[in-house]
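Asks: Residue numbers (my numbering): 3 to 568.
It should be emphasised that the hints constitute simulated quantities derived from the structure, not laboratory data. Only a predicted model underlies this, so the values are computations on that prediction, with no experimental measurement involved. Warning: the hint list may mix true and false statements.
Said to hold, decoys possible - Simulated DEER-style distance windows between Cβ atoms:
| id | residue 1 | residue 2 | range |
| --- | --- | --- | --- |
| 1 | Leu76 | Gln230 | 39 to 45 Å |
| 2 | Gly499 | Asp129 | 37 to 43 Å |
| 3 | Gly10 | Asp129 | 45 to 51 Å |
| 4 | Lys547 | Tyr478 | 22 to 28 Å |
To be verified - When the alpha-carbon atoms are kept at most 25 Å apart in a straight line, the in silico BS3-like pairs for lysine-lysine are as follows:
| id | residue 1 | residue 2 |
| --- | --- | --- |
| 5 | Lys307 | Lys93 |
| 6 | Lys562 | Lys493 |
| 7 | Lys7 | Lys542 |
| 8 | Lys412 | Lys207 |
| 9 | Lys412 | Lys118 |
| 10 | Lys342 | Lys307 |
| 11 | Lys542 | Lys11 |
| 12 | Lys102 | Lys118 |
| 13 | Lys118 | Lys420 |
| 14 | Lys7 | Lys490 |
| 15 | Lys342 | Lys237 |
| 16 | Lys542 | Lys493 |
| 17 | Lys361 | Lys272 |
| 18 | Lys118 | Lys207 |
| 19 | Lys361 | Lys257 |
| 20 | Lys547 | Lys562 |
| 21 | Lys535 | Lys490 |
| 22 | Lys311 | Lys237 |
| 23 | Lys118 | Lys93 |
| 24 | Lys207 | Lys307 |
| 25 | Lys53 | Lys493 |
| 26 | Lys237 | Lys207 |
| 27 | Lys93 | Lys237 |
| 28 | Lys307 | Lys242 |
| 29 | Lys311 | Lys93 |
| 30 | Lys367 | Lys257 |
| 31 | Lys490 | Lys562 |
| 32 | Lys244 | Lys367 |
| 33 | Lys493 | Lys11 |
| 34 | Lys272 | Lys367 |
| 35 | Lys307 | Lys237 |
| 36 | Lys367 | Lys342 |
| 37 | Lys272 | Lys242 |
| 38 | Lys361 | Lys342 |
| 39 | Lys93 | Lys420 |
| 40 | Lys342 | Lys311 |
Cβ coordinates follow ideal geometry from the N, Cα and C atoms, glycine included.
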Amino acid sequence: MRISKLFGKTQREIPAEAETISHQLMLRTGMIYQVAAGIYSYLPLALRALKKIENIIREEMDAAGGQELMMPVLQPLELWQETGRDRAFGKGLFTLHDRKERNLCLGPTHEELITKLVSYYVHSYRDLPQLLYQIQTKFRDEPRPRGGLLRVREFTMKDLYSFDADEEGLNQNYHRIQQAYQNIYTRCGLPILIVEADSGAIGGKDSDEFMAITEAGDDEIIYCSHCQYAANAEKAQSLKTKLDSEEPLPLEEVKTPNAATIEEVSRFLKVPSHHTLKAVFYIADGEFVFVVIRGDIEVNEIKLKNVLKCSELHLANEAEVTQSHIIAGAASPVDISNIKIVADSSVTPGVNFVAGANKPATHLKNVNYPRDFQADITADIAKAHAGEACPRCGNQLRVTHGIEVGHIFKLGTFLSEKLGTFFIDANGVSHPIIMGCYGIGIGRLLAAVIEQNHDAQGIIWPMAIAPYQIYLCPLYMDDPDIAAAAEKLYKELIAQGFEVLFDDREESPGVKFNDADLLGIPIRVTISPRTLKINSAEIKRRSEKEFQLVPLEELTTRLKELVSSG
RNA sequence: CGGGGUGUGGCGCAGUUGGCUAGCGCGCAGCGUUUGGGACGCUGAGGUCGGAGGUUCAAAUCCUCUCACCCCGACCA
Numbered sequence: 003m004r005i006s007k008l009f010g011k012t013q014r015e016i017p018a019e020a021e022t023i024s025h026q027l028m029l030r031t032g033m034i035y036q037v038a039a040g041i042y043s044y045l046p047l048a049l050r051a052l053k054k055i056e057n058i059i060r061e062e063m064d065a066a067g068g069q070e071l072m073m074p075v076l077q078p079l080e081l082w083q084e085t086g087r088d089r090a091f092g093k094g095l096f097t098l099h100d101r102k103e104r105n106l107c108l109g110p111t112h113e114e115l116i117t118k119l120v121s122y123y124v125h126s127y128r129d130l131p132q133l134l135y136q137i138q139t140k141f142r143d144e145p146r147p148r149g150g151l152l153r154v155r156e157f158t159m160k161d162l163y164s165f166d167a168d169e170e171g172l173n174q175n176y177h178r179i180q181q182a183y184q185n186i187y188t189r190c191g192l193p194i195l196i197v198e199a200d201s202g203a204i205g206g207k208d209s210d211e212f213m214a215i216t217e218a219g220d221d222e223i224i225y226c227s228h229c230q231y232a233a234n235a236e237k238a239q240s241l242k243t244k245l246d247s248e249e250p251l252p253l254e255e256v257k258t259p260n261a262a263t264i265e266e267v268s269r270f271l272k273v274p275s276h277h278t279l280k281a282v283f284y285i286a287d288g289e290f291v292f293v294v295i296r297g298d299i300e301v302n303e304i305k306l307k308n309v310l311k312c313s314e315l316h317l318a319n320e321a322e323v324t325q326s327h328i329i330a331g332a333a334s335p336v337d338i339s340n341i342k343i344v345a346d347s348s349v350t351p352g353v354n355f356v357a358g359a360n361k362p363a364t365h366l367k368n369v370n371y372p373r374d375f376q377a378d379i380t381a382d383i384a385k386a387h388a389g390e391a392c393p394r395c396g397n398q399l400r401v402t403h404g405i406e407v408g409h410i411f412k413l414g415t416f417l418s419e420k421l422g423t424f425f426i427d428a429n430g431v432s433h434p435i436i437m438g439c440y441g442i443g444i445g446r447l448l449a450a451v452i453e454q455n456h457d458a459q460g461i462i463w464p465m466a467i468a469p470y471q472i473y474l475c476p477l478y479m480d481d482p483d484i485a486a487a488a489e490k491l492y493k494e495l496i497a498q499g500f501e502v503l504f505d506d507r508e509e510s511p512g513v514k515f516n517d518a519d520l521l522g523i524p525i526r527v528t529i530s531p532r533t534l535k536i537n538s539a540e541i542k543r544r545s546e547k548e549f550q551l552v553p554l555e556e557l558t559t560r561l562k563e564l565v566s567s568g
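Could you build all of it, start to finish, from the sequences and the hints given here?
Replies: This is the structure in structure tokens:
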């Protein structure tokens with residue numbers, strides 16, 4: 003490709019809109035163009051890289067036994083209502099209707115469709131297992147698109163779905179795809195960390211995320227400094243401060259003027275915050291919920307949402323709290339009736355807590371569970387923090403940020419049961435098919451690669467997904483000898499099968515070198531009167547400072563080595 | 001949804017106590033001189049100042065409404 007003809011120009015200045023590096027670089031190199039918040043056009047350079055990523059994914063999915071197919075973006079809303087996931091996605095689902103007023107949605111993912119499809123063709127254990135995948139545009143109306151391609155509303159995703167007759171089959175496929183994913187990220191030049199994850203709106207049991215570790219990421223990861231434990235903060239567990247064992251004492255009411263927050267109460271009564279109980283109020287699908295948790299621990303709303311099995315959850319506002327006759331600042335689970343109480347598992351083993359008394363400026367000492375109050379639900383709804391102890395080995399937990407570039411789920415049977423996707427086993431007994439699903443966001447993967455492969459000058463493409471392999475950079479193109487030599491070399495390299503970006507512009511050396519660095523093509527080949535005089539060309543890798551002079555007759559051999567070594 | 005910010009040629013910005021024909025840099029077009037890390041000179045094209053309404057002799061500038069985009073938070077009573 004000749005740069006003079008390439009659609010899309012490089013930009014010297016950083017667009018004001020862009021904050022993250024990958025976003026800035028993709029705009030400056032002319033890879034993407036923003037159409038609306040979280041919606042982009044992909045220009046030729048970006049598309050070439052995206053296609054390379056897609057092909058790597060295809061190769062690995064096929065090698066793992068996957069079969070590619072294609073399903074529509076436009077889907078009947080009814081199908082989503084059947085599984086109830088229209089509510090799970092909530093406002094994230096783009097909905098529309100056709101001329102006959104039939105309700106449709108733009109698919110945020112394709113489990114419903116594939117499950118229906120499989121139920122049409124698969125009826126016997128002999129038809130299982132199946133690994134089906136698609137690379138498709140998906141739509142999610144994200145509350146806040148951000149960071150260029152990091153979080154968008156319209157995106158290309160590879161999604162593979164596994165269908166098995168038993169748990170063992172699911173586990174095998176899960177591991178097989180997990181390995182294939184490792185291969186994909188390695189080939190794309192992207193180091194990743196696998197973390198335990200919450201399955202969110204997709205649903206299901208186990209799930210693991212593939213994280214590219216970078217501060218630009220919008221996911222928080224809790225990991226152990228010692229063992230292999232790593233989890234998304236949405237799901238992470240930790241061991242909290244242990245309480246001393248003591249005998250339960252009788253309830254005692256104390257006046258606590260001007261002490262409403264945990265910090266104030268704790269200071270006023272001279273008890274550590276982990277010896278207090280905090281009351282937090284939520285509205286879960288319209289129902290008021292009283293959450294009790296130890297004073298030093300925060301509520302993890304994702305966990306709470308899962309425990310409550312609700313689709314919409316928010317903190318109760320002042321009016322909602324008052325309406326439920328709760329005394330803010332002195333609320334207590336003791337003697338509360340007709341309100342659902344959820345207790346964190348930190349609460350039940352504790353002894354002699356300080357809690358509110360449901361009277362203004364009054365607290366209770368020596369509150370004990372279950373003597374003084376009971377909970378409708380007791381579960382782990384606690385947030386894990388860096389500095390706390392690892393749930394596996396007890397060593398210190400740390401925190402970092404990452405970009406979720408892949409997510410795999412053991413779905414189980416909830417979709418197949420709802421959509422009637424059953425098979426007959428060898429004994430003639432009917433069972434729901436056991437499912438798994440495995441997604442990779444292609445554009446986000448591309449952005450993550452740039453986040454991790456750049457310097458102050460620009461992108462440093464890994465060879466496998468670079469839009470071009472070689473940047474042919476002749477200096478002084480207004481010199482007819484140079485122009486002729488460059489044209490000849492360009493044709494030769496093309497004939498040899500190289501992917502060449504030919505900087506055929508009559509620009510100054512500075513401009514050309516800077517654009518070469520910005521665009522980040524892995525190998526730069528420079529010719530000039532200086533090199534031609536000694537019948538040579540200069541080869542420089544984008545990732546290295548040094549260049550080397552190579553005689554023209556050895557050039558293609560040398561380039562082949564470099565291209566194949568990555 | 002809440003909070004903060006920004007909208008002025010393709011990009012980055014200035015101009016906003018109302019006042020002449022709305023500027024600057026980059027980029028773009030033409031000519032010339034240059035040329036191993038973003039050269040220089042001259043000439044030129046390109047803007048209903050996000051949109052609507054209002055105030056005024058006069059609005060990029062003041063008022064009202066609205067739209068878009070970016071950032072932060074989606075949180076402890």
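Asks: Each hint needs a verdict: does it hold in this structure or not?
Replies: Hints versus structure:
1. Evaluation of the 39 to 45 Å hint for Leu76 and Gln230 yields a pass: the beta carbon distance comes to about 43 Å.
2. A C-beta distance of roughly 42 Å is found between Gly499 and Asp129, which places it inside the suggested range of 37 to 43 Å.
3. Evaluation of the 45 to 51 Å hint for Gly10 and Asp129 yields a pass: the beta carbon distance comes to about 47 Å.
4. Evaluation of the 22 to 28 Å hint for Lys547 and Tyr478 yields a pass: the beta carbon distance comes to about 23 Å.
5. Between Lys307 and Lys93, the direct Cα distance comes to roughly 16 Å. Compliance with the 25 Å bound is thereby established for this hinted pair.
6. Distance check on the hinted pair: Lys562 and Lys493 sit about 16 Å apart at the alpha-carbon level, within 25 Å; holds.
7. Distance hint between Lys7 and Lys542 is fulfilled; the C-alpha atoms sit about 24 Å from each other, no more than 25 Å.
8. The straight-line distance between the Cα atoms of Lys412 and Lys207 is roughly 6 Å, inside the 25 Å bound, and the hint therefore holds.
9. Between Lys412 and Lys118 the alpha-carbon distance is near 18 Å, which keeps this suggested pair within the 25 Å criterion.
10. Distance check on the hinted pair: Lys342 and Lys307 sit about 14 Å apart at the alpha-carbon level, within 25 Å; holds.
11. For the suggested pair Lys542 and Lys11, the alpha carbons sit about 23 Å apart, so the restraint of at most 25 Å is met.
12. The straight-line distance between the Cα atoms of Lys102 and Lys118 is roughly 23 Å, inside the 25 Å bound, and the hint therefore holds.
13. At roughly 10 Å between alpha-carbon atoms, Lys118 and Lys420 fall within 25 Å of each other, so this suggested pair holds.
14. Distance hint between Lys7 and Lys490 is fulfilled; the C-alpha atoms sit about 18 Å from each other, no more than 25 Å.
15. Between Lys342 and Lys237, the direct Cα distance comes to roughly 23 Å. Compliance with the 25 Å bound is thereby established for this hinted pair.
16. A distance of roughly 20 Å separates the Cα atoms of Lys542 and Lys493; the hinted pair therefore holds under the 25 Å criterion.
17. For the proposed pair Lys361 and Lys272, the alpha carbon gap of about 20 Å is at most 25 Å, so the pair holds.
18. At roughly 21 Å between alpha-carbon atoms, Lys118 and Lys207 fall within 25 Å of each other, so this suggested pair holds.
19. At roughly 10 Å between alpha-carbon atoms, Lys361 and Lys257 fall within 25 Å of each other, so this suggested pair holds.
20. Distance hint between Lys547 and Lys562 is fulfilled; the C-alpha atoms sit about 20 Å from each other, no more than 25 Å.
21. Restraint check for Lys535 and Lys490: satisfied, since their Cα atoms lie roughly 16 Å apart, inside the 25 Å limit.
22. Taking the CA atoms of Lys311 and Lys237, the gap is about 15 Å. The hint holds against a cut of 25 Å.
23. Among the hinted pairs, Lys118 with Lys93 is consistent with the structure: their alpha-carbon atoms are about 24 Å apart, no more than 25 Å.
24. Simply put, Lys207 and Lys307 have alpha-carbon atoms about 15 Å apart, close enough for the 25 Å limit, and the pair holds.
25. With a CA separation close to 24 Å, the supplied pair Lys53 and Lys493 stays within the 25 Å bound.
26. Among the hinted pairs, Lys237 with Lys207 is consistent with the structure: their alpha-carbon atoms are about 12 Å apart, no more than 25 Å.
27. For a cut-off of 25 Å, the pair hint linking Lys93 to Lys237 stands: about 23 Å separates their Cα positions.
28. As the CA atoms of Lys307 and Lys242 are separated by approximately 21 Å, the hinted pair is consistent with the 25 Å bound.
29. At roughly 17 Å between alpha-carbon atoms, Lys311 and Lys93 fall within 25 Å of each other, so this suggested pair holds.
30. Restraint check for Lys367 and Lys257: the C-alpha separation of about 10 Å stays at or below 25 Å, so the hint holds.
31. As the CA atoms of Lys490 and Lys562 are separated by approximately 18 Å, the hinted pair is consistent with the 25 Å bound.
32. For a cut-off of 25 Å, the pair hint linking Lys244 to Lys367 stands: about 19 Å separates their Cα positions.
33. Pair hint Lys493 plus Lys11 holds up; C-alpha atoms about 23 Å apart against a cutoff of 25 Å.
34. At most 25 Å may separate the alpha-carbon atoms for a hinted pair to count; Lys272 and Lys367 meet this at roughly 12 Å.
35. With a C-alpha separation of about 12 Å, the suggested pair Lys307 and Lys237 falls inside the 25 Å cut-off, and the hint holds.
36. Proximity of Lys367 to Lys342 is assessed by CA-CA distance (about 23 Å); at most 25 Å being required, the pair is judged to hold.
37. The straight-line distance between the Cα atoms of Lys272 and Lys242 is roughly 20 Å, inside the 25 Å bound, and the hint therefore holds.
38. Our distance criterion of 25 Å between C-alpha atoms is met by Lys361 and Lys342, whose separation comes to about 20 Å.
39. Proximity of Lys93 to Lys420 is assessed by CA-CA distance (about 22 Å); at most 25 Å being required, the pair is judged to hold.
40. Between Lys342 and Lys311 the CA atoms are separated by roughly 13 Å; this keeps the pair inside 25 Å, and the hint holds.
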